[in-house]
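Engineer: Chain by chain, the residues run as shown.
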Amino acid sequence: MAALRLWLRGGKGALGLGTRRQLHRTAAAAAQLTIRDALTQAMDEEIERDETVFLLGEEVAQYDGAYKVSRGLWKKWGDKRIIDTPITEMGFAGIAVGAAMAGLRPICEFMTFNFSMQAIDQVINSAAKTYYMSAGAVPVPIVFRGPNGSSAGVAAQHSQCFAAWYSHCPGLKVLSPWSAEDAKGLLKSAIRDDNPVVFLENELMYGVPFEVSEEVQSKDFLVPIGKAKVEKAGTNITLVAHSKSVGNCMDAAAALAKEGIDCEVINMRTIRPMDMETIEASVMKTNRLVTVEGGWPQFGVGAEICARIMEGPAFNYLDAPVVRVTGADLPMPYAKILEDNCVPQVKDIIFTVKKILHV
Amino acid sequence: LVHRCARHPTPEIRCSARPLRLGLEFSLVMSKMLRLLGNLIRGSNSPAKVLVGSRNYADFASEASFDIKKCDLHRVEEGPPSTTILTREDGLKYYRTMQLIRRMELKADQLYKQKIIRGFCHLYDGQEACCVGIEVAIKPTDHLITAYRSHGFTYTRGISAKEIMAELTGRRGGCAKGRGGSMHMYADNFYGGNGIVGAQVPLGAGIALACKYLEKNEICVTLYGDGAANQGQIFETYNMAMLWKLPCIFICENNRYGMGTSVERASASTDYYKRGDYIPGLRVDGMDVLCVREATQFAADHCRSGKGPILMELQTYRYHGHSMSDPGVSYRTREEIQEVRSKSDPISMLKDRMLKNNLSSIEELKEIDAGVRKEVEEAAQFATNDPEPALEELANYIYSNESAFDVRGTNPWIKYRSVS
Numbered sequence: 001m002a003a004l005r006l007w008l009r010g011g012k013g014a015l016g017l018g019t020r021r022q023l024h025r026t027a028a029a030a031a032q033l034t035i036r037d038a039l040t041q042a043m044d045e046e047i048e049r050d051e052t053v054f055l056l057g058e059e060v061a062q063y064d065g066a067y068k069v070s071r072g073l074w075k076k077w078g079d080k081r082i083i084d085t086p087i088t089e090m091g092f093a094g095i096a097v098g099a100a101m102a103g104l105r106p107i108c109e110f111m112t113f114n115f116s117m118q119a120i121d122q123v124i125n126s127a128a129k130t131y132y133m134s135a136g137a138v139p140v141p142i143v144f145r146g147p148n149g150s151s152a153g154v155a156a157q158h159s160q161c162f163a164a165w166y167s168h169c170p171g172l173k174v175l176s177p178w179s180a181e182d183a184k185g186l187l188k189s190a191i192r193d194d195n196p197v198v199f200l201e202n203e204l205m206y207g208v209p210f211e212v213s214e215e216v217q218s219k220d221f222l223v224p225i226g227k228a229k230v231e232k233a234g235t236n237i238t239l240v241a242h243s244k245s246v247g248n249c250m251d252a253a254a255a256l257a258k259e260g261i262d263c264e265v266i267n268m269r270t271i272r273p274m275d276m277e278t279i280e281a282s283v284m285k286t287n288r289l290v291t292v293e294g295g296w297p298q299f300g301v302g303a304e305i306c307a308r309i310m311e312g313p314a315f316n317y318l319d320a321p322v323v324r325v326t327g328a329d330l331p332m333p334y335a336k337i338l339e340d341n342c343v344p345q346v347k348d349i350i351f352t353v354k355k356i357l358h359v
Numbered sequence: 001l002v003h004r005c006a007r008h009p010t011p012e013i014r015c016s017a018r019p020l021r022l023g024l025e026f027s028l029v030m031s032k033m034l035r036l037l038g039n040l041i042r043g044s045n046s047p048a049k050v051l052v053g054s055r056n057y058a059d060f061a062s063e064a065s066f067d068i069k070k071c072d073l074h075r076v077e078e079g080p081p082s083t084t085i086l087t088r089e090d091g092l093k094y095y096r097t098m099q100l101i102r103r104m105e106l107k108a109d110q111l112y113k114q115k116i117i118r119g120f121c122h123l124y125d126g127q128e129a130c131c132v133g134i135e136v137a138i139k140p141t142d143h144l145i146t147a148y149r150s151h152g153f154t155y156t157r158g159i160s161a162k163e164i165m166a167e168l169t170g171r172r173g174g175c176a177k178g179r180g181g182s183m184h185m186y187a188d189n190f191y192g193g194n195g196i197v198g199a200q201v202p203l204g205a206g207i208a209l210a211c212k213y214l215e216k217n218e219i220c221v222t223l224y225g226d227g228a229a230n231q232g233q234i235f236e237t238y239n240m241a242m243l244w245k246l247p248c249i250f251i252c253e254n255n256r257y258g259m260g261t262s263v264e265r266a267s268a269s270t271d272y273y274k275r276g277d278y279i280p281g282l283r284v285d286g287m288d289v290l291c292v293r294e295a296t297q298f299a300a301d302h303c304r305s306g307k308g309p310i311l312m313e314l315q316t317y318r319y320h321g322h323s324m325s326d327p328g329v330s331y332r333t334r335e336e337i338q339e340v341r342s343k344s345d346p347i348s349m350l351k352d353r354m355l356k357n358n359l360s361s362i363e364e365l366k367e368i369d370a371g372v373r374k375e376v377e378e379a380a381q382f383a384t385n386d387p388e389p390a391l392e393e394l395a396n397y398i399y400s401n402e403s404a405f406d407v408r409g410t411n412p413w414i415k416y417r418s419v420s
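Listed in order, the protein sequences are those of chains A and B.
Residues in the first sequence are numbered consecutively from 1, following my numbering.
Residues in the second sequence are numbered consecutively from 1, following my numbering.
Treat the hints with care, since some could be wrong.
Only pairs whose alpha carbons sit at most 27 Å apart, straight line, appear in this in silico DSS-like list of lysine-lysine [claimed, not checked]:
1) Lys-227/A with Lys-415/B
2) Lys-415/B with Lys-76/A
3) Lys-415/B with Lys-80/A
4) Lys-229/A with Lys-355/A
One side of the interface only, derived from the structure: several residues of chain A facing chain B at Cβ under 10 Å [stated by the list, open to error]:
5) Asp-193
6) Ala-255
7) Ala-257
8) Lys-258
9) Ile-261
It is worth saying that the hints were derived from the structure and are not from the lab.
Here a beta-carbon is modelled for each residue, glycine too, at the ideal position from N, C-alpha and C.
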């Protein structure tokens, strides 16, 4: 952690890439990076790289971010680049979209995506559709980011997953990172993209450290938008997920491996445009598919994957119907026992896999 | 048969001489001397005595001074000036522009009734002084955004009548290639054309934020109507614009009705120029292009000086209903519409001023009218005959700067290629 803090404060000079050259014969120098720090770095680097990039949102500046994701940025970059807004989502989201139309590249933070509902008209009608309506005259290079989905004990109004809602709309790109590598590389790609991007983070994942390679630590490390990643190769069954559920799938795969079941785990990374090719190629190999997501089942991400599998080449390779593991179909309750049973757990994934494999 | 006008000291007196033969140019002259001349001609009983002449531009005044209505002020010490100068050149320009917008909107009405224009069509006739007065007081490098009653602004911001009408008819020659229609037309530094009531106001403040950020001394004019004025997002925007001193002119075009609801039935306070509370405001006669010009100039100076936003209410009127599906007479009387037309029409007002002050002649203005009519007719012809957009291009412009990708059509076997 100390190394990371040094990193953040050191700016350009801290990487010392030149001195690492002699080590390239050995394994790439890995480091631990939390999702939070990965996001902070991504924003810091992009703000440095392009003077039209700026961040606005509630508490992003002097408070260092409600979840400390923008820690240190205001101190470094000041009022012009890091802007605290009043609690007026519709207003500041609209202002951010207008700024994007007029040549800037805003990062608009929603404290959680639940509050984006107040501004959803600006995201969809002003941001997503304008490039099309103007026949290419007005691009909208904006990133809407913030924590999405369930947290812990925050109850119904603060726990909704918006992946399906935003991914429904053409004109938007919707990203949902899982690892620190995803978080950093995808956020940088999102900021550099000339289109409106909805970037769905996860509050429970902010503090989770991941090992990252040297490449990930560089200032030009990007993860391409629209490409899923096979986190673990396998042969018996494919597990597809996004965000925190990817971690659950990895844990389930580890447990199932002990019982001789070899799972392939795909991290979607991008929900729209969805990388169906990677999923289809996997299903054509394993013949079975489980989708896992935190959001509600009806019209969810898994539902879309099922529909596309039916319509595509992988259907003929299925040995069993596709099954979805999702959040329970009700508003999120508060009490721990109730909440735990509303959120898809590792045991749900294991249970589902075994059901499909009839073991 | 024409007679030449001599220079005259008192412009109000019209020449009563009448030409003896038709088919030749007429010229309306106002001169005491010419009255005498006219008497002379009549007295001579000789049709052969023909004075051949032509319009002489040297006979027009180059400019005139006008009193304009004082603006009501809110948190403003001194408002815009109450007299202004109109040059002949500017007068002709404003006249032509307003007349063209008027004719274009009436032509759109016709095309809509013939079902060549579909969907929504919100016409601007009656409000021409607003878009023209605003445009001449700002620079082309300034920015402007408005709601859906936007054809007039699309024109003043630089799109031709041809491209506007072809967009209304949904053809490939339309300014948005048929993608947008009436409510979604764009130009350089003109951000539409917005369909969601009030949503354009935060966008406008965002554009103003970009102006301030990029330090190019540009401002953004952000328009909305009396109906939109009650939207919460507008108050959110006022707050941030004032807090951050954004160079934004908020303009409420108050045409007295939000669709079918009069301002008295919609707003607890109809003093729209005061609704910005801590934001200074002006209430302006929106039927007088000179009033609008002076007020906008005043507001632009305010913004450019770094003082932050300012609010203008333009009191104006629309002759048509809210849109083409609203006849516009169920919530207001025909008498009211007629009264505004006869007493406050922006084009008539300008015309009278120019004629009374010898900035132009009836003949000259008629010639301009003819030119306008021709331009609009040609635009309508183009809009009716231009082909519709190619189906292969249906999916273009979804993403900017993106490599080509496939887009699903109405069944899984139909795919369109999207090229940005």
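Engineer: Now look at each hint and say whether the structure bears it out.
Structural biologist: Tested hints:
1. Lys-227/A with Lys-415/B: Given pair Lys-227/A, Lys-415/B holds - Cα atoms ~20 Å apart, limit 27 Å.
2. Lys-415/B with Lys-76/A: 48 Å, violated
3. Lys-415/B with Lys-80/A: With a Cα-Cα distance of about 45 Å, the restraint between Lys-415/B and Lys-80/A is violated, given a limit of 27 Å.
4. Lys-229/A with Lys-355/A: At roughly 26 Å apart (the allowed maximum being 27 Å), Lys-355/A and Lys-229/A satisfy the hint.
5. Asp-193: 8 Å, holds
6. Ala-255: 37 Å, violated
7. Ala-257: Constraint on Ala-257/A not satisfied, violated at 36 Å.
8. Lys-258: Violated: closest Cβ of chain B sits about 40 Å from Lys-258/A, beyond 10 Å.
9. Ile-261: Violated - the Cβ of Ile-261/A stays beyond 10 Å from chain B, reaching only about 33 Å at its closest.
Going down the numbered hints, you'll see the structure goes against 2, 3, 6, 7, 8 and 9, while the others check out.
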